[in-house]
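Quick mapping for you: the protein sequence lines, in order, are chains E and R.
Residue numbering for the first sequence follows numbering that gives the first Met the number 0, beginning at 0 and increasing consecutively.
Residue numbering for the second sequence follows numbering that gives the first Met the number 0, beginning at 0 and increasing consecutively.
No false leads were slipped in.
Some chain E residues close to chain R (C-beta under 7 Å, calculated; not the full set):
{"hint": "1", "residue": "R44"}
{"hint": "2", "residue": "S51"}
{"hint": "3", "residue": "I91"}
{"hint": "4", "residue": "V127"}
{"hint": "5", "residue": "P323"}
{"hint": "6", "residue": "P329"}
Covered by chain E, according to a simulated footprint, are these stretches of chain R (three or more residues, beta-carbon under 8 Å):
{"hint": "7", "region": "13-21"}
{"hint": "8", "region": "74-80"}
{"hint": "9", "region": "312-324"}
If you're looking for bench data, these hints aren't it; they were derived computationally from the structure.
Just so it is clear, CB atoms sit at the ideal spot from N, CA and C, and this is done for glycine as well.
Number of protein chains: 2
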Amino acid sequence: MNEIITLAHGSGGETTHRLLSEEIAVLYASEAQWDDAAVLAAHERIAVTTDSFVVSPLEFPGGDIGKLAATGTINDLVVRGARPAYMTVGLIIEEGLPLSVLRTVLRSLRSTCDEAGAAVVAGDTKVVERGSGDGLFINTTGIGVISAAEPPGAGRVAPQDQVIVSGYLGDHGVAILAAREDLPLQTPIESDCAPLHDLAHCMLQAGGEGVHAMRDPTRGGLAAVLNEIAEYAGVGMNVDAQAIPVRPQVMATSEILGLDPLHLANEGKLVAFCSSQSAPKVLQAARRHPLGRHSTIIGEVTPGPETRVTVRTSLGTTRVLSMPAGELLPRIC
Amino acid sequence: MNEIITLAHGSGGETTHRLLSEEIAVLYASEAQWDDAAVLAAHERIAVTTDSFVVSPLEFPGGDIGKLAATGTINDLVVRGARPAYMTVGLIIEEGLPLSVLRTVLRSLRSTCDEAGAAVVAGDTKVVERGSGDGLFINTTGIGVISAAEPPGAGRVAPQDQVIVSGYLGDHGVAILAAREDLPLQTPIESDCAPLHDLAHCMLQAGGEGVHAMRDPTRGGLAAVLNEIAEYAGVGMNVDAQAIPVRPQVMATSEILGLDPLHLANEGKLVAFCSSQSAPKVLQAARRHPLGRHSTIIGEVTPGPETRVTVRTSLGTTRVLSMPAGELLPRIC
Chain E
0 MNEIITLAHG SGGETTHRLL SEEIAVLYAS EAQWDDAAVL AAHERIAVTT DSFVVSPLEF
60 PGGDIGKLAA TGTINDLVVR GARPAYMTVG LIIEEGLPLS VLRTVLRSLR STCDEAGAAV
120 VAGDTKVVER GSGDGLFINT TGIGVISAAE PPGAGRVAPQ DQVIVSGYLG DHGVAILAAR
180 EDLPLQTPIE SDCAPLHDLA HCMLQAGGEG VHAMRDPTRG GLAAVLNEIA EYAGVGMNVD
240 AQAIPVRPQV MATSEILGLD PLHLANEGKL VAFCSSQSAP KVLQAARRHP LGRHSTIIGE
300 VTPGPETRVT VRTSLGTTRV LSMPAGELLP RIC
Chain R
0 MNEIITLAHG SGGETTHRLL SEEIAVLYAS EAQWDDAAVL AAHERIAVTT DSFVVSPLEF
60 PGGDIGKLAA TGTINDLVVR GARPAYMTVG LIIEEGLPLS VLRTVLRSLR STCDEAGAAV
120 VAGDTKVVER GSGDGLFINT TGIGVISAAE PPGAGRVAPQ DQVIVSGYLG DHGVAILAAR
180 EDLPLQTPIE SDCAPLHDLA HCMLQAGGEG VHAMRDPTRG GLAAVLNEIA EYAGVGMNVD
240 AQAIPVRPQV MATSEILGLD PLHLANEGKL VAFCSSQSAP KVLQAARRHP LGRHSTIIGE
300 VTPGPETRVT VRTSLGTTRV LSMPAGELLP RIC
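Extracted from the complex, chain E is given alone in its bound form:
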């Protein structure tokens, strides 16, 4: 097989067939899938989510597009209280992609799925001509199994809920930006890209139905999550700037670039909205987990109808934290 992807790899003929059986097959635990749809045992309630990944560059400190494609979808399932069970993988490959890159990415994707207990059950591979894509785009769709009677959901967020963040914010955004722009950072920042099935499970075990909602603050960052939930649930939010964990290097890099770390993407963090009764237990459970060691309560939900998100600054003043507007960082995930 040639060592780069050619249009023939996307033809649906023999070359495609070889690509699937020799390379893409690494995604599947069982034999290659020959039928047009996989047949699965399901359960009473399932959670479904889909995400396309167009991150640039394809490999970055702390991960690559394969790890990200698994992580992003796994995390969208776990924030609904679902156990990741199945995954589909759609690849759009640009002609000329080195096969070595494809191999690395597929292996990352598979090993991240394995880690979270999700089996890849269906896939699709397309090739577009040079200049009509950018290396590799990946779509993953995840199916999870829900066992809780009342799974966490944005609609359950209520005044007095405590807002917990599971660690440092903005690492993924800065890591991608630094890799893309070749920024000379004194201390290199790695993406926080990680599947959160186990952290979420521990937090839900500790807080039970007191965990009203969870989100992973990806594109648009914490600011987008807080504003979206406030709008949906018809509540306000008030958070404390000094309580929000941001690494000094991330803060410094953001300041230089004129970015707000609360707008930056994260790929390994949870934001949980918990009843005030359950919050201390959820926090304790999160801190015991390796991915939640730096968890902290950053603020609380306030009564509506004013669905404003405000931040208490270190100067004691209060500012509105608005939804990020404009271009921000394209192709961050």
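Following the hints, position chain R against chain E.
Just chain R now, kept in the frame of chain E:
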């Protein structure tokens, strides 16, 4: 809102939010989805399939990428005997796409899903900068419900099975090629793009468990389907060239371009492998359906272990019908 897509539409901030609520929302039957994953009632067994669509041009005689993205995934479910229930939609939009095109495509996608009874339950929208994509790529993942005890599957194909094709082959391939190359066809050919849930249902009702397998011969055409099934089931196939329905204009265009109509993509045809007992009933049911009027038996499955697909030509000779090799037609679906 600007009338073209900008990078800000993919930022995850306010502009994204507006795009989702003002444009993408048309996909959803219920309110816009605010949580990261949709929670669904499932059933004992579900079928799952995923497909990315990169067709060029985005609009063509007989359809557009939206109709195709719904149809392709619906048809992959129905060939497994599944009733389409849920759909996810992942959009990768190139900066500069006119919003009018996006609107048309989303409406086609939604109405095709409605026709087949599939609800769009989750979605994702990414924007890539100009030159890193080509207008619009769409991933759809479909979830279907299986009720038959033994759904059709490639592994059930056996010697003596009759091979039924549900109508004229090659229409989609020629329609796309003509639209792309601006070929001056005397009689314009339309894509056969159509959701086959109802046709498949009628055929399965008529043939029951005698319908051993079904496939939709998309990329790679009939030749790819016959070769894949032969290899998987360890059988041979023998088909009759004169029995295979191909429109004269499609045959003529293929000959001029040096293409084999049996390698061309179809987006509204079924190939069914049926026990010899059930085949006449399945054929009759197919012919009664508007999308199966030209159904016909084109050949039969022969014993393995020689997994060769052969065609009896009009001259009485026999040739091997091999898996399509090489480039064929890129971006046909």
